[in-house]
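Enquirer: Counting in my numbering, the sequence shown runs from -17 upward without gaps.
Treat each hint with caution, since some may be false.
Here are the computed lysine-lysine pairs in the DSSO-like style, where the Cα-Cα straight-line distance is at most 30 angstroms [unchecked claim]:
#1 Lys61 <-> Lys48
#2 Lys48 <-> Lys4
#3 Lys61 <-> Lys4
#4 Lys13 <-> Lys61
If you anchor each label on the Cβ, the simulated ranges turn out as follows [as the list claims (entries may be wrong)]:
#5 Ala7 <-> Glu104: 20 to 26 angstroms
#6 Gly109 <-> Asp26: 21 to 27 angstroms
#7 Arg264 <-> Ser64: 47 to 53 angstroms
#8 Arg264 <-> Pro107: 40 to 46 angstroms
#9 Ile39 <-> Gly231: 26 to 32 angstroms
#10 Leu111 <-> Ala0: 37 to 43 angstroms
#11 Arg221 <-> Lys48: 22 to 28 angstroms
#12 Ala228 <-> Ala27: 41 to 47 angstroms
#13 Leu267 <-> Lys61: 33 to 39 angstroms
#14 Ser229 <-> Lys48: 36 to 42 angstroms
#15 Gly230 <-> Glu104: 24 to 30 angstroms
For the record, the hints were derived by calculation from the structure and aren't laboratory data.
Ideal Cβ positions, reconstructed from N, Cα and C, are used throughout, including at glycine.
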Amino acid sequence: MPMFSIIVPVYNVQNYLAACVKSVAEQPGPKDWECILVDDGSTDASPQLCDALAAEIPGFQVIHRKNGGLAAARNTGLKAASGDWVLFLDSDDAMAPGLLAALRRELAAHPGYDWYIGRHLEWQPDGTLAEHPGLALRPGPFASADYAARLRALYTAGHWSVWKYCMRRAWLRQNRLRFWPDVRWAEDWPFDLWALTCCERLYFLDVVFTHYRVGRPGSLLTDAQNLPRRFAALVAAQRRLAALAASGGADAAAYAAMQDAAADVFWPQARTAAVRDAAVRRACLPYLRQLRPLYARGTQVRTRRDWRAFQAMMRLLGPRLTLWLAAARKKG
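Let the hints inform the model, and build the full structure from the sequences given.
Expert: So, in structure tokens, the structure goes:
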């Protein structure tokens, strides 16, 4: 049984996949890992490239599946994983050099945790690496019975990014943790909110896990035309979180903290939705109306003056007029 299972969802990344695979294959130390490439119905040369790389490099396996989105692809990888620990890596990013060696040391030095959180560096278009501004990871253990406190600690350190987590596979299986496949954008944050209900003890590592590629053309995070899809994902996540609370998986205080986190994820998208393209604004409106309960909430995770102003406008004016006024302000 391998020590690490590295799950890499693949979708239309023919120009980046080889570099991603190389970053795993060149990790120093014992080959006590497996890397599962999950081809999520790619329409470029990625499927053939996955097969060729796996045939050439020991330790890699490929699963081809019908397109279902990043969450579904990660779930496919989780089902196939056999290692003690699970790592996630996006196929347009790279594993930091020496990560697995560092994890072997840290897991031996700080045993007994199910969830370890590290750092990342942003991989700029010019090839340079830089710290992400605004994060404040404090190395060491963190334990609290207060869900909101755990949420603040995780958010401050990580911004909901599973590709800088090391998670015990037995714990994931025991709690039946998985990604919600109907959430097809920003899949990490609702997974984190659910996982935090099952874990009162976290360990933060001063270890770089991932070189995160910034500004890739065509990325969902850089394409403003995908705003309606983002809001649809937020609506789906809200429904899932409500169902989790209704089933007893989250108490009232935890669910309130989840709503605060959802508001914080929602806010930058709502701000971006106030674009000059009227067609984009119209496409976003149905989802904004469904998310209206968030407008009345503050956020325990991170509070902004402009978010409070946006809340007030939404309550008094409604989504349509708020977006129109914001777009007019941008034009000015």
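Enquirer: Against each hint, give a clear statement of whether it holds in the structure.
Expert: To see whether the hints hold, each was checked on the structure:
A distance of roughly 16 angstroms separates the Cα atoms of lysine 61 and lysine 48; the hinted pair therefore holds under the 30 angstroms criterion. Straight-line distance between C-alpha atoms of lysine 48 and lysine 4 comes to about 25 angstroms, which keeps the hinted pair within the 30 angstroms bound. Note on lysine 61 and lysine 4: the hinted pairing holds, with a Cα-Cα distance of about 24 angstroms set against a maximum of 30 angstroms. Under the criterion of a C-alpha separation no larger than 30 angstroms, the hint pairing lysine 13 with lysine 61 is consistent with the structure, at around 21 angstroms.
Under the hint 20 to 26 angstroms, the C-beta atoms of alanine 7 and glutamate 104, about 23 angstroms apart, fit the expected range. Look at glycine 109 against aspartate 26: about 23 angstroms separates their beta carbons, and that is inside 21 to 27 angstroms. Between arginine 264 and serine 64 the beta carbon distance is about 48 angstroms. The supplied range of 47 to 53 angstroms therefore holds. Taking the beta carbon of each, arginine 264 and proline 107 are about 33 angstroms apart, not inside 40 to 46 angstroms as hinted.
Between isoleucine 39 and glycine 231 the beta carbon distance is about 40 angstroms. The supplied range of 26 to 32 angstroms is therefore violated. Between leucine 111 and alanine 0 the beta carbons are some 19 angstroms apart, a value that contradicts the proposed interval 37 to 43 angstroms. Hint check: arginine 221 to lysine 48, Cβ distance near 24 angstroms, so the stated range 22 to 28 angstroms holds. With their beta carbons about 45 angstroms apart, alanine 228 and alanine 27 fall inside the hinted range of 41 to 47 angstroms.
Taking 33 to 39 angstroms as the suggested C-beta distance range, the pair leucine 267 and lysine 61 conforms, at roughly 38 angstroms. The hint said 36 to 42 angstroms for the Cβ distance between serine 229 and lysine 48, and at roughly 29 angstroms that hint is violated. For glycine 230 and glutamate 104, the Cβ-Cβ distance of about 39 angstroms falls outside the hinted range of 24 to 30 angstroms, so the restraint is violated.
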